[in-house]
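**Student:** Each chain, letter by letter, is given below.
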Amino acid sequence: MGKVIVVTSGKGGVGKTTSTAALGAALAQNGDKVVVVDFDVGLRNLDLVMGAERRVVYDLVNVIQGEAKLTQALIRDKRVETLYLLAASQTRDKDNLTPEGVEKVIEALKSAFDWVICDSPAGIERGATLAMRHADVAIVVTNPEVSSVRDSDRIIGLLDSKTLRAENGEQMEKHLLLTRYDAARAERGDMLKVDDVLDILSIPLLGIIPESMDVLRASNVGAPVTLADGRSAPAMAYFDAARRLKGEILPITIPGEKQSLFGRIFGRKAA
Amino acid sequence: MTRHYGYKPQNKVLSISEEVPDATIASNCALMSAPVNFLLTTSSLHQGNRKFTKLNDVLTQSRPIRLKGRSFLALALTPELPFEDWLVQLDALASRSAGFFLRRPIVLDVQGVEIDRSQLRELVNQLGARNVRVMGIEGARSSMLGPDLPPPMQDGRAASDVELPNGEETEKVAAAESVVVSGPPTKATPSIVVNQPVRSGQSFFHPDGDMTIVGSVASGAEVVSGGSIHVYGALRGRAMAGTMGNASARIFCRKFEAELIAIDGFYQTSEDMDPRLRGRAVQIWLEGETLRAEALS
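So the sequences go chain by chain: A and B. Per the working numbering, numbering through the first sequence is continuous, rising by one, with the last residue being 271. Per the working numbering, numbering through the second sequence is continuous, rising by one, with the last residue being 1297.
Bound-form chain A, shown alone:
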């Protein structure tokens, strides 16, 4: 059985879709079977970032409504053959996502893939709650600024109460992915520092993705940043994050901060 990950944030524009694509591609490059699922019905983007927008025939809503089989709707990536996409519908109403339908699709994907990564829409409405409902692991994407941090805090509360795991009394594994981090601006006080964010959210840190033009460039050519340029700073940060997801323990480096000889050996950990 595969693991179901939800990439969520509450706030929009913090990098959920970018992170879903980048982590999916990073995991798949190790040979794991990965499917990325877009839950943003009506405002889909994951197909663009994956460069598959012209190949979408059937989508998640079609599958839920029984108009297409799951195998017909899965789009295989042309660059990494273990990476698949299940697109969202752009035209349908999001009310077409039913809890029972979503459960069926997730169960089917779980049995066929190692990782099912659900790209949650922004907000705390139906789409977002359905995306997180069946997750085993949550990646909370946060920018180092106050509104994003508070929204993430809200989402963590929902993860602890509205998900299937929470309702069964189990703990939901939660990770913080800090994106668009600019060390210079954090130093000047324009942004929250890493420790401030960790102090407020108190969940373990999965990685810090630096603010970079490479991310935008990659989206524009329709490739996850981990596929477009594996050597770029954000790509390397995503690769590290993917390894941590698989259980490896790696020290976390803060992009732009000079690494002292001893300073970062043990990395940092939050509650």
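If you are wondering where the hints come from, they were derived from the structure by calculation, not from laboratory data. A few of these clues could be false.
Interface residues of chain B toward chain A, partial, derived using beta-carbon atoms under 8 Å [as the list claims (entries may be wrong)]: (1) Ala1094; (2) Gln1111; (3) Pro1197; (4) Arg1199; (5) Ser1200; (6) Gly1201; (7) Thr1212; (8) Gly1215; (9) Ser1219; (10) Gly1288.
Over the 12 Å line for every Cβ pair with chain A, so calculated as not near, a few chain B residues [as the list claims (entries may be wrong)]: (11) Asp1091; (12) Leu1127; (13) Pro1190; (14) Val1198; (15) Ser1216; (16) Arg1236; (17) Met1273; (18) Asp1274; (19) Ala1281.
Only some residues are given here: those of chain B computed to face chain A with a beta carbon under 10 Å [said to hold, decoys possible]: (20) Gly1146; (21) Ala1218; (22) Ser1270; (23) Thr1290.
Cβ coordinates follow ideal geometry from the N, Cα and C atoms, glycine included.
Fit chain B to the known structure of chain A by using the hints.
**Tutor:** Relative to the frame of chain A, chain B by itself:
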């Protein structure tokens, strides 16, 4: 500046139905235009506790009939057999202190007194003739009671003994001999411990006792307690202590960055708080109608 948002101290209110305390709070809150707005706070977590979430429903539905439990101090009279002698003593007491039983709620405690229904009715009538009006009967078997007799009462709690008037000090009459509580018995007030951070948008409501939060209370979160509140992390959201009318409740936190604090309805927003306390370990208490805060060194 400390402002009050319209709670009235109602420390004698015991809850009979689940919704009553909330409805009371809600209606009190709705009456005022202060910034504490319970309607904006929805909670997602405290299924185990009272239904604070139901505030919205309560306000939009037509008003339910309001039932409140309330406890009063009553005198419990314990008659002894033979009643003739006992009544003589009672008359002696009444003669020393005219009007001792007047306007006092009296409960007749017949526990262990071997009488039947007609004897009980006779006793109640005798007492009535002496202007002792019996509001309830404690410790009687149900077979002894009837519609023509005062209703049965249960679960009385003892209070301090009453000073019986003697010849000289006829006017000095203190509290009651023992106390009868109407409504359900008050349970011990347990404190609760919240072992997780209180997240933005969450609201924890514990009307009866103290509340201890081991983690932090996030900005946009809210903890409401009938007793004191202890936060062993940062308090960034709202904390309201002593909400059921407990002015001696306090708020303690290890890192004080609260948006709003309140004790017994008196509140302060972060703008009104001493900026030097920010980020420090702080305790807050109520002095008269003013909230006082001090760093815990």
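**Student:** Now tell me if each hint is right for this structure.
**Tutor:** Hint check:
no. : hint    : result
1   : Ala1094 : violated, 63 Å
2   : Gln1111 : violated, 46 Å
3   : Pro1197 : holds, 6 Å
4   : Arg1199 : holds, 3 Å
5   : Ser1200 : holds, 4 Å
6   : Gly1201 : holds, 5 Å
7   : Thr1212 : violated, 17 Å
8   : Gly1215 : holds, 7 Å
9   : Ser1219 : holds, 6 Å
10  : Gly1288 : violated, 35 Å
11  : Asp1091 : holds, 66 Å
12  : Leu1127 : holds, 58 Å
13  : Pro1190 : holds, 22 Å
14  : Val1198 : violated, 8 Å
15  : Ser1216 : violated, 7 Å
16  : Arg1236 : violated, 8 Å
17  : Met1273 : holds, 19 Å
18  : Asp1274 : holds, 22 Å
19  : Ala1281 : holds, 15 Å
20  : Gly1146 : violated, 52 Å
21  : Ala1218 : holds, 5 Å
22  : Ser1270 : violated, 14 Å
23  : Thr1290 : violated, 31 Å
Consistency with the previously given hints fails for numbers 1, 2, 7, 10, 14, 15, 16, 20, 22, 23, ordered from lowest to highest.
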